[in-house]
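*Asks:* The primary structure of each chain is shown beneath.
Protein chains: 2
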Amino acid sequence: MLHAVIMAGGSGTRFWPLSRAARPKQLLSLVTEKALVVETVERLEGLVPPERVWIVTNAAYADRIRALLPDVPPSHVVAEPCGRDTAACIGLASTVIGREDEDAVLAILSADHVIAPAAAFREALGKGAAVVEESPSTLVTFGMAPTRPATGYGYIERGAARGEVGGVPWYRVERFCEKPDLETAKEFLAAGRFLWNGGIFVFRAAAMRERIGRFLPELAAGLPGVADELLGDGAISAETFGALPKISIDFGVVEKDDDVAVIEAPFSWDDVGSFAALERVLPKDEAGNVGFGDRTLLDASGNVVIAGDGHHVAVVGVEGLVVVQTADATLVCRKEDAQRVKEVVDRLKGSGNEGLV
Amino acid sequence: MLHAVIMAGGSGTRFWPLSRAARPKQLLSLVTEKALVVETVERLEGLVPPERVWIVTNAAYADRIRALLPDVPPSHVVAEPCGRDTAACIGLASTVIGREDEDAVLAILSADHVIAPAAAFREALGKGAAVVEESPSTLVTFGMAPTRPATGYGYIERGAARGEVGGVPWYRVERFCEKPDLETAKEFLAAGRFLWNGGIFVFRAAAMRERIGRFLPELAAGLPGVADELLGDGAISAETFGALPKISIDFGVVEKDDDVAVIEAPFSWDDVGSFAALERVLPKDEAGNVGFGDRTLLDASGNVVIAGDGHHVAVVGVEGLVVVQTADATLVCRKEDAQRVKEVVDRLKGSGNEGLV
Numbered sequence: 000m001l002h003a004v005i006m007a008g009g010s011g012t013r014f015w016p017l018s019r020a021a022r023p024k025q026l027l028s029l030v031t032e033k034a035l036v037v038e039t040v041e042r043l044e045g046l047v048p049p050e051r052v053w054i055v056t057n058a059a060y061a062d063r064i065r066a067l068l069p070d071v072p073p074s075h076v077v078a079e080p081c082g083r084d085t086a087a088c089i090g091l092a093s094t095v096i097g098r099e100d101e102d103a104v105l106a107i108l109s110a111d112h113v114i115a116p117a118a119a120f121r122e123a124l125g126k127g128a129a130v131v132e133e134s135p136s137t138l139v140t141f142g143m144a145p146t147r148p149a150t151g152y153g154y155i156e157r158g159a160a161r162g163e164v165g166g167v168p169w170y171r172v173e174r175f176c177e178k179p180d181l182e183t184a185k186e187f188l189a190a191g192r193f194l195w196n197g198g199i200f201v202f203r204a205a206a207m208r209e210r211i212g213r214f215l216p217e218l219a220a221g222l223p224g225v226a227d228e229l230l231g232d233g234a235i236s237a238e239t240f241g242a243l244p245k246i247s248i249d250f251g252v253v254e255k256d257d258d259v260a261v262i263e264a265p266f267s268w269d270d271v272g273s274f275a276a277l278e279r280v281l282p283k284d285e286a287g288n289v290g291f292g293d294r295t296l297l298d299a300s301g302n303v304v305i306a307g308d309g310h311h312v313a314v315v316g317v318e319g320l321v322v323v324q325t326a327d328a329t330l331v332c333r334k335e336d337a338q339r340v341k342e343v344v345d346r347l348k349g350s351g352n353e354g355l356v
Numbered sequence: 000m001l002h003a004v005i006m007a008g009g010s011g012t013r014f015w016p017l018s019r020a021a022r023p024k025q026l027l028s029l030v031t032e033k034a035l036v037v038e039t040v041e042r043l044e045g046l047v048p049p050e051r052v053w054i055v056t057n058a059a060y061a062d063r064i065r066a067l068l069p070d071v072p073p074s075h076v077v078a079e080p081c082g083r084d085t086a087a088c089i090g091l092a093s094t095v096i097g098r099e100d101e102d103a104v105l106a107i108l109s110a111d112h113v114i115a116p117a118a119a120f121r122e123a124l125g126k127g128a129a130v131v132e133e134s135p136s137t138l139v140t141f142g143m144a145p146t147r148p149a150t151g152y153g154y155i156e157r158g159a160a161r162g163e164v165g166g167v168p169w170y171r172v173e174r175f176c177e178k179p180d181l182e183t184a185k186e187f188l189a190a191g192r193f194l195w196n197g198g199i200f201v202f203r204a205a206a207m208r209e210r211i212g213r214f215l216p217e218l219a220a221g222l223p224g225v226a227d228e229l230l231g232d233g234a235i236s237a238e239t240f241g242a243l244p245k246i247s248i249d250f251g252v253v254e255k256d257d258d259v260a261v262i263e264a265p266f267s268w269d270d271v272g273s274f275a276a277l278e279r280v281l282p283k284d285e286a287g288n289v290g291f292g293d294r295t296l297l298d299a300s301g302n303v304v305i306a307g308d309g310h311h312v313a314v315v316g317v318e319g320l321v322v323v324q325t326a327d328a329t330l331v332c333r334k335e336d337a338q339r340v341k342e343v344v345d346r347l348k349g350s351g352n353e354g355l356v
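The listed protein sequences correspond, in order, to chains B and W.
Here the first sequence stands for residues 0 to 356, numbered as in numbering that gives the first Met the number 0.
Here the second sequence stands for residues 0 to 356, numbered as in numbering that gives the first Met the number 0.
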């Protein structure tokens, strides 16, 4: 059976002042009225029911996520006592879900990505499940055809076709490429066989457990104890979890493995890495502005403008800015500096303004 | 005796969102912790005591001004039921104060100008009073030597010297010039004998009553009735006041008169016409930013940034912007568009957002 594992651990500062330590990106309503994590679960409707959804998050966010998603069993919202990167997260899910469902197939998703249309996304995940039915040991990834020479994403080089499910080919992964520089990204875009790596996987839980046993034996040794805790009283201790090796699933497993396949994604995907990225996922007005909240825009073009509840933001005669207002903090920067929000957060932390971060 | 008449009627929208219909510029603390109208009264300390200060304002602001200035007799805060421009305002002051002090000399001031140093200002007003003691019929104006080719101010062309008080010459006014275009303003600056007209006057109340009788007989006829109301129960009726002709003192009297003198002001003067003008009156940081409130500025230069109480404004990598945050509204514009705030206010009025203006 297909289970969804949604990774929702990020504490991202790239959306300050909307996001805060206590209100990370996955809990923000950036694109619709709903929090991104809720969108992520609802996107699965018809493919994976809430009772087969698992959400792995920081202990600090678990109760908020449970409240937002009453149909997901509370015990399926897994509270990590500390961050141990994605291999531990995915390994734990493969262990725990595997104990309940020996033939479990897992779809690994992120809680803070914007994906559309949902039907095409579900269809693609279904194709991934069909691949692992046919080829049980294979790890399936999904590659998005790039629409621009993005330097902020990793890429997957598509190799030879290995088969076809429902008329859709699946390919051998030639190699995974780190985030490229602009020149390389342009080459990738031109070459046509390089796809964005969205960090979405489908595999059999047993296949992942086998890989972790092979590539990360220390992690494999530690996971059963953590699974015992989780399936016991539901609380994972910092001692057992904190003792797991901290490594990403990409470095630790996927990039080392030879039996990795890629399906070309028939959906648009965006990890919305900053306020500037909202331009790609929100509707534009006739002057190219995006945003939400009460706003007055006069001769303003290409801006991202967000006004908090009960607040009005007026923007006159400016171009290419990010303006974000919340109850206690406002950010104004150029779109190309949207990533520098982190510096603001660091500055605030270092100047007695921890309450704002 | 020297009395001060402070005109505080403006409802200015050029400082939205700091200024509102209910909180006009003269009630804002733009330059120090004190409201501009309070600064204006305190600047007179040692020359005109509060009991000889009169403040003419809109009925809507009178109580607020009385509360801010407890030492000014409440009856001296004159509440106009409607705006009738400066000739009516000055004519009324000349009539009312003249009834209490036959030899009254009036200094006419604006509630929302920034003037420094205060001692030089007081000395100049004192010189004006000395001129009208020597030449009782003369209307004295004060001209500020221009420091830039300003197009937002009227100018006074200085004529021949008519005399000297305490070593300072006073001159005949050759003519008053409307706000010039940039070319003309540059010529004025180069010529050296053109001075900014700050709208500051010193004259004997009797001399002004005589002028109004001569140039504006309809106003002269209406003023005694209004003065009776004010000196009676203190309330001016809209019927009598609204019946007065609406004209400025410049058009109605000063520009028509031949006996007008000008003293060169030994103080700096600024009418702070917009947020951009705050650059001239607030201290700059090393990158040329000005403002107040809790702020974080990273690689930001030449900006005017104002954060409201309990709010933090972070500005990254931008130049030449105005960013003003208040509890319910935020403005972002280029400094050169600072005057366009009026358009925002108009837009808000026309779109059901009257509560914000």
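Think of the hints as simulated: they come from the structure by calculation, not from any bench.
Keep in mind that the hints are not guaranteed to be accurate.
Any copy, or any two copies together, can satisfy a pair, since identical chains are not distinguished.
[To be verified] Computed cross-link-like contacts, DSS-like style, restricted to lysine-lysine with a CA-CA straight-line distance of at most 27 Å:
#: 1; residue 1: K283; residue 2: K334
#: 2; residue 1: K341; residue 2: K178
#: 3; residue 1: K245; residue 2: K178
#: 4; residue 1: K348; residue 2: K185
#: 5; residue 1: K348; residue 2: K283
#: 6; residue 1: K245; residue 2: K33
#: 7; residue 1: K33; residue 2: K255
#: 8; residue 1: K33; residue 2: K341
#: 9; residue 1: K245; residue 2: K334
#: 10; residue 1: K255; residue 2: K178
#: 11; residue 1: K33; residue 2: K348
#: 12; residue 1: K348; residue 2: K245
#: 13; residue 1: K178; residue 2: K33
#: 14; residue 1: K185; residue 2: K255
#: 15; residue 1: K245; residue 2: K341
#: 16; residue 1: K334; residue 2: K348
#: 17; residue 1: K341; residue 2: K255
*Asks:* All hints, please: hold or fail.
*Replies:* Checked hints:
For the identical chains of this complex, K283 and K334 are neighbours both inside a copy (15 Å) and across copies (26 Å), given an alpha-carbon limit of 27 Å. Proximity of K341 and K178 under a CA criterion of 27 Å is satisfied intra-copy only: 19 Å inside one chain copy versus 47 Å between copies. In this homomeric assembly, K245 and K178 come within 27 Å of each other (Cα to Cα) only inside a single copy, at 21 Å, whereas the closest approach across copies is 70 Å. When the C-alpha separation of K348 and K185 is checked against a cutoff of 27 Å, the pair qualifies neither within a copy, at 38 Å, nor between copies, at 49 Å.
In this assembly of identical chains, K348 and K283 lie within 27 Å of each other by CA distance solely across copies; the values are 25 Å between and 34 Å within a copy. For the homomeric pair K245 and K33, neither the shortest alpha-carbon distance inside one copy (32 Å) nor that between copies (57 Å) is at most 27 Å. For the identical chains of this complex, K33 and K255 are neighbours neither inside a copy (37 Å) nor across copies (68 Å), given an alpha-carbon limit of 27 Å. Taking the closest pair of Cα atoms, K33 and K341 come within 27 Å of each other only inside a single copy of the chain (25 Å); across copies the shortest separation is 36 Å, beyond that limit.
Proximity of K245 to K334 under the C-alpha cut-off of 27 Å is found in neither arrangement, the shortest distances being 33 Å within a copy and 50 Å between copies. In this homomeric assembly, K255 and K178 come within 27 Å of each other (Cα to Cα) only inside a single copy, at 18 Å, whereas the closest approach across copies is 76 Å. With identical chains, the CA atoms of K33 and K348 are never at most 27 Å apart, being 29 Å at best within one copy and 31 Å at best between copies. Taking CA atoms no more than 27 Å apart as the test, K348 paired with K245 passes inside one copy only; the shortest distance there is 26 Å, against 57 Å between copies.
Within a single copy, K178 and K33 get their C-alpha atoms no closer than 30 Å, and across copies no closer than 54 Å, so neither meets the 27 Å cut-off. Taking the shortest alpha-carbon separations for K185 and K255, only the intra-copy value of 26 Å comes in at or below 27 Å, while the best inter-copy value is 73 Å. Taking CA atoms no more than 27 Å apart as the test, K245 paired with K341 passes inside one copy only; the shortest distance there is 23 Å, against 57 Å between copies. In this assembly of identical chains, the alpha carbons of K334 and K348 lie at most 27 Å apart only when taken from the same copy (23 Å versus 30 Å across copies).
Proximity of K341 to K255 under the C-alpha cut-off of 27 Å is found in neither arrangement, the shortest distances being 32 Å within a copy and 63 Å between copies.
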